[in-house]
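4 protein chains.
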Amino acid sequence: MTTIGFIGLGVMGAPMAANLVAAGFDVTGYNRSPHKVEGLVTAGGRRAESIADACSGADVVITMLPDSPDVESVVLGGDGVLATTRPGAVLIDMSTIRPDVARTLAETAGRHDVGFLDAPVSGGEQGAIDATLSIMVGGDTDTFASMRPVLDALGSTIVHVGPAGSGQTVKAANQLMVAGIMELVAEALVFLDAHGVDRDRAVDVLSGGLAGSAVLDRKAPAMLRRDFTPGFRVDLHHKDLGIVAAAAREAGVATPLGSLAATLMASARAQGHGSLDHSALLLLVEQLSGRSGE
Amino acid sequence: MTTIGFIGLGVMGAPMAANLVAAGFDVTGYNRSPHKVEGLVTAGGRRAESIADACSGADVVITMLPDSPDVESVVLGGDGVLATTRPGAVLIDMSTIRPDVARTLAETAGRHDVGFLDAPVSGGEQGAIDATLSIMVGGDTDTFASMRPVLDALGSTIVHVGPAGSGQTVKAANQLMVAGIMELVAEALVFLDAHGVDRDRAVDVLSGGLAGSAVLDRKAPAMLRRDFTPGFRVDLHHKDLGIVAAAAREAGVATPLGSLAATLMASARAQGHGSLDHSALLLLVEQLSGRSGE
Amino acid sequence: MTTIGFIGLGVMGAPMAANLVAAGFDVTGYNRSPHKVEGLVTAGGRRAESIADACSGADVVITMLPDSPDVESVVLGGDGVLATTRPGAVLIDMSTIRPDVARTLAETAGRHDVGFLDAPVSGGEQGAIDATLSIMVGGDTDTFASMRPVLDALGSTIVHVGPAGSGQTVKAANQLMVAGIMELVAEALVFLDAHGVDRDRAVDVLSGGLAGSAVLDRKAPAMLRRDFTPGFRVDLHHKDLGIVAAAAREAGVATPLGSLAATLMASARAQGHGSLDHSALLLLVEQLSGRSGE
Amino acid sequence: MTTIGFIGLGVMGAPMAANLVAAGFDVTGYNRSPHKVEGLVTAGGRRAESIADACSGADVVITMLPDSPDVESVVLGGDGVLATTRPGAVLIDMSTIRPDVARTLAETAGRHDVGFLDAPVSGGEQGAIDATLSIMVGGDTDTFASMRPVLDALGSTIVHVGPAGSGQTVKAANQLMVAGIMELVAEALVFLDAHGVDRDRAVDVLSGGLAGSAVLDRKAPAMLRRDFTPGFRVDLHHKDLGIVAAAAREAGVATPLGSLAATLMASARAQGHGSLDHSALLLLVEQLSGRSGE
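Those protein sequence lines, which keep their order, are chains F, L, Y and V. The working numbering runs 1177 ahead of the 1-based position in the first sequence. The working numbering runs 1177 ahead of the 1-based position in the second sequence. The working numbering runs 1177 ahead of the 1-based position in the third sequence. The working numbering runs 1177 ahead of the 1-based position in the fourth sequence.
Keep in mind the hints are simulated off the structure, nothing from the lab. Careful, some of the hints might be misleading.
Result set (EDC-like, lysine to aspartate or glutamate): computed pairs, CA atoms no more than 16 Å apart in a straight line [said to hold, decoys possible]:
#, chain 1, residue 1, chain 2, residue 2
1, Y, Lys1213, Y, Glu1226
2, V, Lys1416, F, Glu1427
3, L, Lys1416, L, Asp1247
4, F, Lys1213, F, Glu1226
5, V, Lys1416, V, Asp1247
6, F, Lys1416, F, Asp1244
7, L, Lys1416, Y, Glu1427
8, F, Lys1416, F, Asp1247
9, F, Lys1416, V, Glu1427
10, Y, Lys1416, Y, Asp1247
11, Y, Lys1416, Y, Asp1244
12, Y, Lys1416, L, Glu1427
In this text the structure is predicted, and so the values were computed from the model without any measurement.
Just chain F, with the same shape it has in the complex (with noise of 0.2 Å):
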């Protein structure tokens, strides 16, 4: 049976190794805060008390922290994953982080003999409890055929996108369009209401054309209903937004309206909505059009 050392068992973490449980794996997990293990050993898997603990006996590591530092902490540190872990294990970082840091990290394993995948996920904490995640993997063909079980027990579509560093790259992409897109949802609901249009009737229209997107269908409903109950907290993504900032930056891509959207999205953050979904761009939009919102 293959053994799995699970670090970081947060929102989406704990999910995601419960899945992997129930798919059969032996399952050992950590997290910095121990209480949140209690899940997992509820689940059927097994606590450790540490990273060398988990990484021990691995077959596989999979390391689901909230960014770029904490991954290499983990990852390089002195009783971290590569310290600990066995020769010919895989370590796959799930972690949304910097492309150029996935890439390190690829290579500090190939020196550890160690496999690596990088493989940031988009879905949600919903898509992590369903196991319906996407999961966008970069690495090597064989590291990632190997692993495929694994990654199939959390979620449902799984592709290969390239070399090490290029599952963030395209989670970087995908990141960009949905903060590009969610407020070029909220500009055109503000300004439907605006012009006292039925927005309920206008979006069911809208979602119909070329102008629909995953974010009105899924993200509109609520934000009508004016509940920005997370999902995907402005926190969160204004971190990610630096990432794609960075990896624009580093490759000289032009990114305006990605640029634009990133700005939005840290002013939302700075008036204090960053525990909100990131729908709540839909206020700033409302703010500067001096409109109330009801």
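Chain F is already provided as a structure; the job is to place chains L, Y and V on it using the hints.
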């Protein structure tokens, strides 16, 4: 049998008029360039030599013209639609024009005892041919109900979104979102290319998540083939974004992303891409990124 | 003695007309709200009861009105300027209007054998009072030369920049730059404040370098005192930026920064700051940054 | 006599070091490429073979290096400035680097009992040669006072703007405004050209009003001659705008115009204009407007 006068037999109007004939309506068509009427005659319609000729016996008059001034001229002119259409008939303007002009036309038509709907469409030439257009309709409820059989012959999604002008407002919101999403998709595609990602696979995985959009599904494949055959031309989208800007300005609505997308669409036009498909925004992003695209 | 008909005795027009009297001209003034003519009478001018009354005996007619439609109405109307001014006279429009409207007025005036200059100003109310306005003049060279004594009574920098409409074009460029620089200064001031820098000293050192600007010199001190007394109102700058946008669109010129500044000026207005000085863009940047400004 | 170790003898550093010699200081210079030290020796300074050699006998160490990592390496490295400078000496970093890095350097220097000032400059190569730089200084008041004679030998406007890091913050604000104003001037010049206005005269009249700026005065004439000889290179301004973006992001400050200007500067670089003067933003605006500029 309901008789229809159809004015404006261009790329969109010609197949729409033919579909009305096919649905059993008695259609008389007029176009300023008379040779464009031939297709309608072949399809079983009749040729009008003047606007008056198309309108004088009609129960319903449909206009499908390029821009606000064209519609104003054809509808309000000396021998125009309102001067020559019988009281009790209905005028349906399916052009994309300014919402405030639509409201003015509705009022003027009302003084002539002619009903009025603004009913712009989305779905493009193919939607016009297949009678699968989305039609966003503004006007009073009874007039909408009475015209439903006519509209059913032209589209598959037909939604009454509010009083006169509302159809144009919703169309404006449509064009705002489409322009912005097109630019975001272009930015994402250049970003992915610059990082060496397999773009076909990336589009596959992106389409399934929150970044998914009709633009990504329908336009990205041709963009990756560098096929910018319209479709919907940059020139027309530029015109429509002028309508969006005026309507947003009138209502005091902030559309920062929409406005920046309009700036870029205007630039695509200024650089000579006016007759390409609006997905040619890709060329602009490549240029701004110092990439030839090949 | 040259007789001048002066139409539009508002905040700017009233002191300008008085300066013409002081310079020895015979000035007859008209204003739609008649009480505004009293100041001119006190200063030694005469009251006209109608546009015709102001124009019929005049060698020179000056218009100083809020917007393009006002000028069109006053100049082209039935009992308007061109209908009542003698052939051989000269019309100087000093309002800020659209360049294409100025060109149309010039052509129409020509058909009446009336000379025409477009001569918008900058320098604000204080410049009008002190006769230190900058005046940017479009029109033919001879007419400019003949009107030089009149313009000399109103401003200190008087430049002939090209044929009819050119004055308005230069004024539009002026308003584009002023709006953008105002926003940049606002962004810089909030940035400095957020980092705890002594802003008075920072403005001192910044003023002396390549970042220096008239906006920084003249407006930053009041912005730091949070004094937004106009000066030049947001409402008027918003109007002028509509002229800029139309003229840029007509010429196919990309003005990405200018357009974004216009979006923000429109937002300042939508949020109720229309009657504050345009330096109130500071309030918008503070808001977007989640800062109260106190 | 005060002895100064000067590290970094590039385009700016070389004339600055020579000016210190001319003012009577005993200057020992170090540069990674040793041939650049020759000018200093000719001017009467001395050559150091290593950082340690430059620092060991110095009362004051000045660093003038390209970017944050260079300064970190030179100051904090094993045989770097802090390892080899005597307690009680003062380090003045005149490079343009990140404010947070400057604060870290100040703290670390303090632990070595070495004083620290961050003192970035504006005024360019000519200002360095003429000793007319503007110098924005962060650090404690006493250290600033004691270093005043050194700074007086380098610049004509020397302002203490706050605690450590403040100099870099003000420099960042400077670069934000300069980039934005440069772009606005470029937009205005293309706008004027597209409307057929005499641009030399227009610049004259615009310079005198609220649209006036040092960029318009000093840069527009060369832009109109299409002379993009640096001056200050696009590459360096692009680097500095990365600092601005990071510092704005850190503080949660919205800089929408500054961010868009940064996008355009990055595009100028991506298109191969990196070694031109930053006024080459004109080329970008011309391109976006479909104009060749000739």
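Do the hints match the structure? See the list:
no., hint, verdict
1, Y:Lys1213 x Y:Glu1226, "holds, 12 Å"
2, V:Lys1416 x F:Glu1427, "holds, 11 Å"
3, L:Lys1416 x L:Asp1247, "holds, 13 Å"
4, F:Lys1213 x F:Glu1226, "holds, 12 Å"
5, V:Lys1416 x V:Asp1247, "holds, 13 Å"
6, F:Lys1416 x F:Asp1244, "holds, 8 Å"
7, L:Lys1416 x Y:Glu1427, "holds, 11 Å"
8, F:Lys1416 x F:Asp1247, "holds, 13 Å"
9, F:Lys1416 x V:Glu1427, "holds, 11 Å"
10, Y:Lys1416 x Y:Asp1247, "holds, 13 Å"
11, Y:Lys1416 x Y:Asp1244, "holds, 8 Å"
12, Y:Lys1416 x L:Glu1427, "holds, 11 Å"
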